[in-house]
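Protein chains in written order, with our numbering: chain P, 42 to 311; chain D, 42 to 311; chain R, 61 to 335; chain A, 28 to 276; chain G, 28 to 276.
I should point out that these hints are in silico values taken from the structure, not numbers from a laboratory. One should not assume that every hint holds.
What the hints assert, rightly or not - Here are the simulated DSS-like pairs of lysine-lysine, each with C-alpha atoms no more than 27 Å apart in a straight line: (1) P/Lys-210 <-> A/Lys-103; (2) R/Lys-218 <-> R/Lys-86; (3) P/Lys-302 <-> A/Lys-162.
Said to hold, decoys possible - If the Cβ cut is set under 7 Å, some of the chain P residues that face chain D in the computed set are: (4) Ser-77; (5) Ala-132; (6) Gly-140; (7) Ser-238; (8) Val-241; (9) Lys-282; (10) Gly-284; (11) Gly-285; (12) Val-288; (13) Leu-289.
In this text the structure is predicted, and so the values were computed from the model without any measurement. Glycine included, every Cβ here is placed at the ideal spot set by N, Cα and C.
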Amino acid sequence: MSIFEFEFMRRAFIVGFILALIVPCIGTIIVLKRLSMIGDALSHASLAGVAAGLILSINPVLGAAFACILAAFGIEAIRKKIPKFSEMSIAIIMSAGIGLAGVLSGFVKNTANFNSFLFGSIVAISDFEMYFVAGISLLVLLSFIVLYRELCYTAFDELSARLSGVPVKTVNSIFTVLTAVTVSVAARTVGALIVSSMMVVPVACSMQIGKSYRQTVLYSVMFAVIFTLSGLFISYYAGLKPGGTIVLTGVLCLLLIIIIKKAAGRTVRQ
Amino acid sequence: MSIFEFEFMRRAFIVGFILALIVPCIGTIIVLKRLSMIGDALSHASLAGVAAGLILSINPVLGAAFACILAAFGIEAIRKKIPKFSEMSIAIIMSAGIGLAGVLSGFVKNTANFNSFLFGSIVAISDFEMYFVAGISLLVLLSFIVLYRELCYTAFDELSARLSGVPVKTVNSIFTVLTAVTVSVAARTVGALIVSSMMVVPVACSMQIGKSYRQTVLYSVMFAVIFTLSGLFISYYAGLKPGGTIVLTGVLCLLLIIIIKKAAGRTVRQ
Amino acid sequence: GKKEPAGDGKLSVCTSFYAMYDFASKIGGDKINILNMVPAGTEPHDWEPSASDIANLEKADIFIYNGIGMESWTDKVLSSLENKKLTAVQASSGISLLGGTDKGDPHIWLSPEKAKREMENIKNALSAKDPGNKNFYEENYKKYSAEFDALDGEFCSKLSPLPKKDIVVAHQAFGYLCADYGLNQIPIEGLSADSEPNPAKMAEIISIAKQKKIKVIFFEELVSPKVSETIAKAASAETKVLNPLEGLTDEQEAKGEDYFSLMRENLSMLEEALS
Amino acid sequence: METVIKAQDISFSYGGEPILYNIGFSVNKGDFIAVTGANGSGKSTLMKLMLGEIQLQRGNIWLFGTEIRNFKHWPKIGYVPQNGTARAGGFPATALEIVRLNLYSNCGLMRFPTKALYKNADEALKLVGMQDYSKRLIGDMSGGQQQRVMIARVLAGEPELMLLDEPTTGIDAESAQSLYMLLSKLNRERKLTIIMITHDIARAADYVNRTLCLEEGSIVELMREQILTEQYHRHKHPQRSAENNDEHI
Amino acid sequence: METVIKAQDISFSYGGEPILYNIGFSVNKGDFIAVTGANGSGKSTLMKLMLGEIQLQRGNIWLFGTEIRNFKHWPKIGYVPQNGTARAGGFPATALEIVRLNLYSNCGLMRFPTKALYKNADEALKLVGMQDYSKRLIGDMSGGQQQRVMIARVLAGEPELMLLDEPTTGIDAESAQSLYMLLSKLNRERKLTIIMITHDIARAADYVNRTLCLEEGSIVELMREQILTEQYHRHKHPQRSAENNDEHI
Ligand SMILES: Nc1ncnc2c1ncn2[C@@H]1O[C@H](COP(=O)(O)OP(=O)(O)OP(=O)(O)O)[C@@H](O)[C@H]1O
Ligand SMILES: Nc1ncnc2c1ncn2[C@@H]1O[C@H](COP(=O)(O)OP(=O)(O)OP(=O)(O)O)[C@@H](O)[C@H]1O
Ligand SMILES: [Mg+2]
Ligand SMILES: [Mg+2]
Ligand SMILES: [Zn+2]
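Next comes chain P alone, as it looks inside the complex:
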């Protein structure tokens, strides 16, 4: 029985491929800003939005998206206060998000199943979601290309970027929104696990071999595409869960690269 016989698998390949194009782009900047765990933090923080949505009888998915954006701006704001330890801001907002979700859920009559409403699976994507992801991805990709230099410069050094005329605040805000939107849409569609690890693992791989910023971005996209597609294949034929398989493919590949690099006798960068 062929893998492409089923519509849901075809869709998984299409959506997986699209996300593999954009998530590592966002991810490269995220990693360079030392915010690697942002995917995980945002998807957890949006639980608070689900709870708030249920209390206020707003659509919980909307609530989640809203909470995601709010949390992303929270991270950005705290990062400014603790510039030397920007990754702390993630832990703080994540705590706040889950804590709030916990407290709010006490007031929710119908908590339903929080997680299942928030987190999708790559093999169960509806028509609407597919087009939505495609649309959002196009938007993110375009923004990323248009703001390529601005994002890179801002990640490198905000002060120098400002002096050379980059509207740093605007660029940061746009990027924050892009990140939040990507995470919330993708988490709902293909699952938070895939999004948050696609932000980091391919970038980690490409940083091991990339010889320039451009290569680092391109390789990370390439790695993400390889991981997603081969992960889907493997999960189908070996009867494994798709999200976990995609992620593990990536992690194994990273280990391989590190081992090969070490074996090749190259000294590690200090």
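Start from chain P and add chains D, R, A and G with the ligands according to the hints.
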């Protein structure tokens, strides 16, 4: 009805207090090593241990503890390979952990409830757990005091620490084990949410006002104790979930400190 | 003593989730003060008690739960309580399980016949704890045991003539029900409701559904229907609710639904799906 | 003569401890100024104030005739920070990529650099003698090489005013010499205004036209003769030096 | 005479590109050596090899008579890295705390420093002229102040061999002078062996007893006269300099 009428509340106060003493000690070093999200990553990664335990018919709690230690060493190993972006190692191991848990859970006959093996609640602590936490905490506290200078120096600069005779590898290994043990014991007892935020939020508060390393450590313990005890009080009298309340108390306090500092007109450190 | 006696002298009963609550309140009637712990609309597989829940347990006389891993928090919570007078009743005790181990499928209450046994366990516990009202409890049990028999009869008579025997369900909750009436459940997910489906299994279910011309893919109200919808679409089937009675939604609670009305609704859903 | 920077009555303190007190000066177009002063005298602080990186507490600064709080034309200013290479460490970009980033000053938002502009970047690397390393990752370079790339980055932006905080840090003697000559040439030929913090005033004196010294919160202009008596400080504070000698050794 | 470091036939390359080629030298107890060379010539690499911070690829190094791979007495060695203050930035510790950390060398695992040792730390801060800043957070200091604290940290450990990678970076002229005098005094009185990377050989020449220069992967010993002809490089490579002049300016 008084809050101390119930044994379980008295117990919550005792265990909360003990953990508030040790978790921020570990947390200070964690933050300075830029591994803020380690609490969250370890508790998620230990899901893989639960799954493996269930498959191999080993006690899943043991499996979780084992996975926690393994994951902590994994983070330590990857951190060495990417020293400039040590926080990436957390995202990678976290992805690997959840991914593995997902894939393994496909082979578990009775998934029952994964999370329940892992996450405790501060208001449901058994006798055994209380003594266990007290014992482990004493161990951790002693190690922290004995290795106070070693840990500080290693966090400051591993090369200089090694040159001045600190057995850096050993210290790092001991610290890795201490972290993993603290996280797994505390997560099972009082919940992963409380542990992972107690590692960061009080440290973030104390770094805003601490004028030395020693003060930073002491204040962070002080903050953690205040957050835990007042959080428990508030949660009981306001009928809120305890974990979330403790964490939110901390986050609100941090915001307050930041706002007051800003109002006091002090310029932010560059 | 530290504990204030229950003001009206009634037995104070805590139950874990909806099915247990419904059974216990049917037996106890107004002779007991009953409190359900997992709130309406909450999927009980990953619920956790709060301080006030535990305070309630500290003051309760009886705690009724299903067991077999359904409420995984019970071991931990019970061992942390100091309430000496509390009797913890595992409603599933003595009932033969699918697979025969004690780590098997917990969804016993979905078989009317086994649900009756659970209610009997509950009745015995209440009588032992409160001998003064023993007769009242016995009366109630008799009344509802007849209802269970009737329900069992309805399931038998309505389901046995139907040509199809296969149902596709959201999670593996209907093992006992299927065993009783000769049905075969094809679960999309495992015993707990919160995992991710595996694509090979989805493909297999779709193929089976097509081959056996299954018309309905069942989902649950407390779990996201996305996966069920995906499968239904691929197999040109429709989706319908099959309620595992793990919790009620607000509306169901407001409408005064109970075990019997919901099971009858399940029955009519099954009839439609299997005809 | 056009005034590039005018500072009036600036005072600044970190959390109560005063660093700068009532400082005023002005810089004309085409000036090449060395700023010196002991460690901790507030040189970097003053420079950061001129960049709007830290907020003024008292007094005012005008950049190109505009009050600093309304100033928008930052691309006119190029800045090489002290220890600026610290952040560069793990960033996965080549020297050329980093230098090209600053072309932004010349083309601006959403417009892509032209071929001609790209040549600017190559030129800038050549000027600091790093053309052979343009494809190397910044993290794989020696300390002095990184510092030279940082300077090239600013040069590529063709600023009208350059602020350099100890630019020769870690740069070898020969290249430092070339850097001074390069700056001096840009200053003469393109009327580039330069303010450079340095501890090496004896050498800088050959190139600059003014030398400012920060001392106990005030700014004083040093005369050429004062600088040439090389061990300026010794002569000026004979007692303090004597003390120091006792303590330090 | 006791040999502190002996290096034999060391070669080293980063990913194929050779940096050091067949280098050998030896350092005696009581030597005060300046190491110089152009940016990227491999000075820092050589120092890191001597510290075991990067692995030897060819050849061998003996520290205090022991092969480096078996060497355990690291506390005998004090090291001030290039750009060492970069990491210090956000670390919430005071100058005194950081200097005290290095007392570890003197007392070792699990034994706490005595009062006398604590005095060592105060002394070290005094030696670099930072006694007034001992309670200040390292992140709240100026670049030169941080560098001085880093030097004090190493002094507090009372090493027998000091390896300094451009120690005067960012330090003002007067304090740099004091630092040289301090090092020279320690060298004379305590027989402290010092190897110092610097680009300022003209000044260092007054204090050191040997000067090594790295050039194209090899090490050459410079004679005092060569150094005093200040613009040594210019004289030695007239063509290259001419080229450079053209390119750089
Ligand atoms: N991690 C690395 N990977 C690849 N090449 C490197 C790495 N580190 C340094 N290099 C290269 O090796 C050469 C020597 O570097 P090193 O840092 O030893 O120079 P240096 O003599 O200390 O120079 P400086 O005076 O600038 O400090 C340089 O050309 C540099 O580009
Ligand atoms: N963030 C801060 N908080 C408190 N004090 C600070 C801060 N930054 C600098 N200082 C203090 O302000 C004074 C001036 O610092 P600044 O960096 O301007 O000195 P500098 O003249 O550039 O010195 P150097 O030659 O060492 O670079 C110093 O005494 C320093 O300790
Ligand atoms: Mg400075
Ligand atoms: Mg160097
Ligand atoms: Zn169930």
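Tested hints:
1. P/Lys-210 <-> A/Lys-103: Measuring from Cα to Cα gives roughly 19 Å; hence the hint holds.
2. R/Lys-218 <-> R/Lys-86: holds (26 Å)
3. P/Lys-302 <-> A/Lys-162: holds (20 Å)
4. Ser-77: holds (4 Å)
5. Ala-132: Given a least distance of 4 Å, the restraint on P/Ala-132 holds.
6. Gly-140: holds (3 Å)
7. Ser-238: holds (3 Å)
8. Val-241: Where the cut-off is 7 Å and the nearest Cβ of chain D is about 4 Å from P/Val-241, the hint holds.
9. Lys-282: holds (5 Å)
10. Gly-284: holds (6 Å)
11. Gly-285: With Cβ-Cβ at 3 Å, under 7 Å, it holds.
12. Val-288: For P/Val-288, the interface hint holds, since the closest Cβ of chain D sits about 3 Å away, which is under 7 Å.
13. Leu-289: Holds, because the Cβ-Cβ distance from P/Leu-289 to chain D comes to roughly 5 Å (cut-off 7 Å).
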